[in-house]
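> Given chain A, work out where chain B should sit, using these hints.
Okay, here's what each chain looks like letter by letter:
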Amino acid sequence: MSAVVLDRVTFTYPERDRPVLSDVRLELPEGVFALVCGPTGAGKSTLLRLANGLVPHFSGGTFAGRVMAAGRDTRSCKPREMADVVAFVPQDPGSSFVLDRVEDEIAYGMENLGVQPRHMRRRVEEMLDLFGLASLRDRSVRAISGGERQRVAIAAALAPGARIVVLDEPTSQLDPQGAEDVLAALQRLVHDHGMTVVAAEHRLERIAGFADVAVLVEGGTARADEPRSILGRVDLGPPVARLGAALGWSPLPVTVREARRHAAARPPVAPPAIDRPSPGDVLMRAEGASYSYGGRVAIDRVDLEVRAGEAVALMGRNGAGKTTLLRLLGGMTTPTEGRVLSDGAAPRTGRDVALCPQEPESVLFRSSVREEIEATPGAQTDRVLDEFGLTDLSALHPRDLSAGQRLLVAAAAVAATGAPVLLLDEPTRGLDPEAKERLVASMRRRASAGGAVVFATHDVELVASAATRVVMLAAGQVVAEGSPEEVLGDSAVFAPQTTRVFGPGWLTPDQVIASVR
Amino acid sequence: MHPGAWLTWALCGGTAATLTTNPFYLLPLGASAWVVYAAHHRRDHPAGLSFRVFFLFALAALAVRTLLVLLGPVDAGTVLNSFLEGLRLAVMLVIFGAFNAVADPYGVLRLAPRRFYEAALAAALALSLAPRTIAAVTRVRDAQRARGIEVARYRMLPALAVPVLENGMEDALTLAESMDARGHGRGRRSRYRPLPWTRASVLCAVVSLVALTAFASAAVAGDPTLVPSMFPPSWPEARSPLLAAASLLALPALLRASS
Chain A
1 MSAVVLDRVT FTYPERDRPV LSDVRLELPE GVFALVCGPT GAGKSTLLRL
51 ANGLVPHFSG GTFAGRVMAA GRDTRSCKPR EMADVVAFVP QDPGSSFVLD
101 RVEDEIAYGM ENLGVQPRHM RRRVEEMLDL FGLASLRDRS VRAISGGERQ
151 RVAIAAALAP GARIVVLDEP TSQLDPQGAE DVLAALQRLV HDHGMTVVAA
201 EHRLERIAGF ADVAVLVEGG TARADEPRSI LGRVDLGPPV ARLGAALGWS
251 PLPVTVREAR RHAAARPPVA PPAIDRPSPG DVLMRAEGAS YSYGGRVAID
301 RVDLEVRAGE AVALMGRNGA GKTTLLRLLG GMTTPTEGRV LSDGAAPRTG
351 RDVALCPQEP ESVLFRSSVR EEIEATPGAQ TDRVLDEFGL TDLSALHPRD
401 LSAGQRLLVA AAAVAATGAP VLLLDEPTRG LDPEAKERLV ASMRRRASAG
451 GAVVFATHDV ELVASAATRV VMLAAGQVVA EGSPEEVLGD SAVFAPQTTR
501 VFGPGWLTPD QVIASVR
Chain B
1 MHPGAWLTWA LCGGTAATLT TNPFYLLPLG ASAWVVYAAH HRRDHPAGLS
51 FRVFFLFALA ALAVRTLLVL LGPVDAGTVL NSFLEGLRLA VMLVIFGAFN
101 AVADPYGVLR LAPRRFYEAA LAAALALSLA PRTIAAVTRV RDAQRARGIE
151 VARYRMLPAL AVPVLENGME DALTLAESMD ARGHGRGRRS RYRPLPWTRA
201 SVLCAVVSLV ALTAFASAAV AGDPTLVPSM FPPSWPEARS PLLAAASLLA
251 LPALLRASS
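Note that the protein sequences, when read in sequence, are chains A and B. 1 is the number of the first residue of the first sequence in this note's numbering; add one for each residue after it. 1 is the number of the first residue of the second sequence in this note's numbering; add one for each residue after it.
Excised from the complex, chain A in its bound form:
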């Protein structure tokens, strides 16, 4: 039997001329892990929201066709009437929480369905274990890290026991190990309990191996196919698929394991030395900087230098102190011990250093992309628009852009300050490969023009292609520092796919492709 069926669905958002999806036919069988992918703004979130009727019941707009989930028709069932068959995890879990304590939040959905208290107790414990949340049960959902929040949101959605789970970018805020754990937990539900998982993602390198079916949403249509044939597209697939396509491997690999089989038959040459310009003057430095609040040490005696021409990646698990360190470097907070210096004095925020926050919405306030860049004091608007590839979008309202595009606009607005050091907190959430490419290019331009970029990220592939140096944080301390190949090369958790396939020294598909030619 089919879990989700879309039958000739056409949907147009209110006040839009063109439908976001038109005449979509899609059938997802029960007990599969379906991966929804496609460029940013193509309608992936819309497709997910159709499954439990949030579209059109909440969105408004014009809807034609029929959507069935677990045999229920969303035209006649409101989202709340689908709650026992479809669990939904939205993109931004932070604002979806209803209650306050982790444990209560997980129980909320079951309370609404009238689940027996005894059964509820057991179910909450199961969820706490399944998602590694037992130690957080008494904490407030508003006081835990972004990655922890995402796990709570997934646990809370799954607790009532719906057979279909729909997730919008479930791993975008998770560290590599955390993402692996969440995906493995979801896969266990598919394999052991026959549940159906429908998940949208941009970063495909981790999730590709878990998917049984891929759904490509593009140009107003959606089609389901075997993951290999969809992920093989160069502009979309994970690094191993790009490698495979370039090296003519067949069948095309979508996981590291498959790629290694091909690679074993063809040992590559020794990795070429990576040519990086030697860094220039020190632009800013942290000297024994510590930061503690509420009796908790978030940053513990960190020494760090940022030099001209560098792109420094801050990595580490959720809650390791990446955001706090960025705030210290940005002069947003002053260290409780030690100091942060730029040119011999405390950094002047917005002058010596600028910071793009995790939530791009916090900075956007004008009614067009161009005005938004102009609002930054001292902005050279045309140059920045060009640098971030936003010239075509410059007349649009930021609200009408996709999450990924908004992030690019926020980064551009912050970069427009012209501050020599640019700090970016999780700059690739929601970015499709093309937008990511643009961001990386503008980071490089900035570095080669004598500036420096420091970015916090979980995206190891971004680090592999964009960073000149990696700083690994754990519990507020620097535990490793060096070039990406040194720090990521021998890491079981953080190694990029190309390293996993060809061994240390290899970082990106481009590097391999260039050396084979």
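The hints are simulated quantities; they were obtained by calculation from the structure and are not laboratory data. Don't take each hint at face value.
Unchecked claim - Simulated DEER-style distance windows between Cβ atoms:
1) A/S367 x B/L209: 34 to 44 Å
2) A/R257 x B/R153: 39 to 49 Å
3) B/R153 x A/R233: 41 to 51 Å
4) A/Q177 x B/E170: 24 to 34 Å
5) A/I274 x B/M156: 39 to 49 Å
6) A/R348 x B/A219: 57 to 67 Å
7) B/R188 x A/G378: 52 to 62 Å
Model, not experiment: these values are computed from the prediction. Beta carbons are placed, not taken as given, at the ideal position from N, Cα and C, and that holds for glycine.
Relative to the frame of chain A, chain B by itself:
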């Protein structure tokens, strides 16, 4: 501590404060609230921080109430009188702020009988609006500062207001969606892990009721020390049972939440 115990504490303290303008009663009431806040506020929680905002509100209320009266023809008695009324309002705000910081509003929500659940949920979400907005203002102000925009300048107010309001609207929509998608309003409800009335909780509620009873019976008996006359201005008198009652509200600060 059972949220009902905190609710009782706050209602009793607040009501006692409304019954008096005597600074010798109001100050111990306010001090009790501060001590309870200091001992029990949720340290990992944004609402724990909102006490500071309530305290500032309280000071502002006191200042405005006192200064307003200076606009008209005044004598010492009128000024003192409105100062004391301002103090009463300030103490009530401090008690409410302490309640907000120590008790989980959603815990209070869980006490609501099933048929009032909807109304209580609306109230709890409204209660959480203040700390959430404060958090959003801080976040946006920081974010704009990091791109060189000082929102403190009047001309740059939209840079603060627009993101705060737009994010607020978006968050509200996400929340409504999430609640619906999780079956809110289906009419059936069960309750997860009702909190027990521990000995500490019972004691907290009982001392609060005792304190209120003292003030209420004094009010019924027409105790003149509750609302001292400031015409002519004079040093207010205070009775020791009421002093003790006001200080009693600090007792929950000594109780361990789990005992």
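> Any hints this thing doesn't respect? Which numbers, in order?
1, 2
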